[in-house]
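**Q** In terms of the UniProt record's numbering, the sequence shown opens at residue 1 and continues consecutively.
It is possible that some hints are incorrect.
[What the hints assert, rightly or not] Keeping only pairs whose Cα atoms sit at most 27 Å apart, straight-line, the calculated DSSO-like set for lysine-lysine is: (1) Lys319 with Lys284; (2) Lys68 with Lys114; (3) Lys319 with Lys164; (4) Lys284 with Lys216; (5) Lys99 with Lys114; (6) Lys114 with Lys164; (7) Lys164 with Lys284; (8) Lys99 with Lys213; (9) Lys164 with Lys216; (10) Lys319 with Lys216; (11) Lys114 with Lys213; (12) Lys68 with Lys99; (13) Lys164 with Lys213.
[As the list claims (entries may be wrong)] Label pairs and their calculated CB-CB ranges: (14) Gly127 with Met316: 50 to 58 Å; (15) Arg34 with Lys213: 26 to 34 Å; (16) Thr152 with Leu104: 36 to 44 Å; (17) Val98 with Glu202: 21 to 29 Å; (18) Phe59 with Lys319: 38 to 46 Å; (19) Pro105 with Leu32: 22 to 30 Å.
Since the hints were made in silico from the structure, they are not lab data. Model, not experiment: these values are computed from the prediction. No residue lacks a Cβ here, since even glycine has one placed at the ideal position from N, Cα and C.
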Amino acid sequence: MSRSDRHIPLELSESLGDLKNCALACQDYSSLARRFLFRDVTIRLQAIANDERRTLYQFLEFLASNTKVSTCIRDLFIGESHYRFMYQSVMNWAETSVKLAAILPGLTHLRYLKVWFPVHKKHTDGGMRETLLHFANIPSLQRLTLGIGNLTAERLAGLLWIPKLNLFNLDLPILNPRLTSLSGSNGIGLCDLTLEGPVQAEAAFSIARAAGKTLKRLRWMGRGEATGTIDLSALPSLTLLSISLLVKASNIKASLRQSNLISSQEWGILDAVLTSQSHPALEKVVISVVDGTFSFASTYIYVNRALSLFKGKLPMFQKKGIICSN
């Protein structure tokens, strides 16, 4: 038994053994099992020991040489959730990048791709970043969650054909207002856009504007300023607008009494924008406040107060009855 198998319960280990035996003994069963075993795949990219890296490379080589397996992959996560792993220089990113790129031709049925590669500018990535961005061009994609920094406007615009797009922890560029709605080979444009970060409002709504008529749901995490850049006239199909405001509990405590937490003028502009234009498709507007530090119980009081303060800046729009908090 390998070192990684020692912690597997005996019952599960026996079941895995039975599954392997069945797959080896029956070709039809092997084909059926393969579709479920490789439907959801995670490829960890982190600084790892030589023996673990060898296992990773063997798996990538296996996927590259067995298209019957790689075509079964529907959901794929590539990356690591911890910055500290990405900043270490142990990993040979250049070799890993080449082996990872080799599995691209077989991912013909990939539906959901999640990429997390937050390598800092001063660290070399051996071409890994460019390789990962190539994965975002797979024609069958229906949903993309992307955590790669320093995207150019051209790269960002090239993602707007994917129906569901989630961009997080990115320094997003501002797209040209003349950029028209783009579509991919499947003829479907961006319908659902989520921006986490926080993202500056000007960049957030330039992306939404570029998506144009196809965009139906926009979720944006930002700060309490620059909300006046919203132009809903460019989003005629928008049904949901969700704004999450990232604030620190200490700032909430210090600013609640003076109401300095948000700009009254800019939120007044937003209120006017929401009420002065006709938006027949808009069904729901969600305003929420997110504590940017730690979710201790004591901070909930201040977050709720801040939420009331934000919503209080939209008196005209609240009368429409479609604004709420989550």
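**Q** Now tell me, hint by hint, if it's right for this structure.
**A** Quick rundown of the hints versus the structure:
no.: 1; hint: Lys319 with Lys284; in the structure: holds, 13 Å
no.: 2; hint: Lys68 with Lys114; in the structure: holds, 22 Å
no.: 3; hint: Lys319 with Lys164; in the structure: violated, 31 Å
no.: 4; hint: Lys284 with Lys216; in the structure: holds, 11 Å
no.: 5; hint: Lys99 with Lys114; in the structure: holds, 18 Å
no.: 6; hint: Lys114 with Lys164; in the structure: holds, 12 Å
no.: 7; hint: Lys164 with Lys284; in the structure: holds, 19 Å
no.: 8; hint: Lys99 with Lys213; in the structure: violated, 39 Å
no.: 9; hint: Lys164 with Lys216; in the structure: holds, 10 Å
no.: 10; hint: Lys319 with Lys216; in the structure: holds, 23 Å
no.: 11; hint: Lys114 with Lys213; in the structure: holds, 25 Å
no.: 12; hint: Lys68 with Lys99; in the structure: holds, 18 Å
no.: 13; hint: Lys164 with Lys213; in the structure: holds, 14 Å
no.: 14; hint: Gly127 with Met316: 50 to 58 Å; in the structure: holds, 52 Å
no.: 15; hint: Arg34 with Lys213: 26 to 34 Å; in the structure: violated, 41 Å
no.: 16; hint: Thr152 with Leu104: 36 to 44 Å; in the structure: violated, 21 Å
no.: 17; hint: Val98 with Glu202: 21 to 29 Å; in the structure: violated, 38 Å
no.: 18; hint: Phe59 with Lys319: 38 to 46 Å; in the structure: violated, 58 Å
no.: 19; hint: Pro105 with Leu32: 22 to 30 Å; in the structure: holds, 24 Å
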